[in-house]
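In full-length UniProt numbering, the protein residues as written are 1 to 98.
By construction, these hints were calculated from the structure, which means they are not laboratory data. Hints may be right or wrong, so weigh each one.
Mimicking SDA-like on lysine to any residue, the simulated pairs with C-alpha atoms at most 20 Å apart in a straight line are [said to hold, decoys possible]:
#1 K8 / I33
#2 K8 / A53
#3 K7 / M42
#4 K8 / D28
#5 K31 / G54
#6 K31 / Y12
#7 K31 / A18
#8 K49 / E39
#9 K49 / W61
These numbers come from a predicted model, not from an experiment.
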Amino acid sequence: MYKYSAKKNAFYLAGNEAVYRDSGTWPDDAKDIETRRAESFMATPPQGKRRIAGADGMPAWADIPSPTHEELIEISESKRQLLINQANEYMNSKQWPG
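Assemble the whole structure, with the sequences as input and the hints as a guide.
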């Protein structure tokens with residue numbers, strides 16, 4: 001049996017509650033959830049989905065939001081730098097005449 005915390009969007013083994021409480025990490029909103037349901041939400045999410053806490057306080061799947069403009073710029077800059085590094089590595093690995 002598992003417990004689910006909507007605040008932390010996390011699952012906890014009910015049998016380990018004492019350990020979590022001793023370490024101060026037991027959530028105050030933990031609810032019972034069937035093992036099969038918990039395991040389905042701990043597995044790889046469906047394509048284009050992410051796990052969220054639903055309106056009922058239980059896990060649900062939601063669409064992954066599109067990247068922001070800033071995130072798209074960051075992705076492009078990372079790709080650009082990777083290509084520059086690869087080009088430099090290639091050129092530096094050659095023995096050029098001269």
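Numbers of unmet hints, in rising order: Structure breaks no hint.
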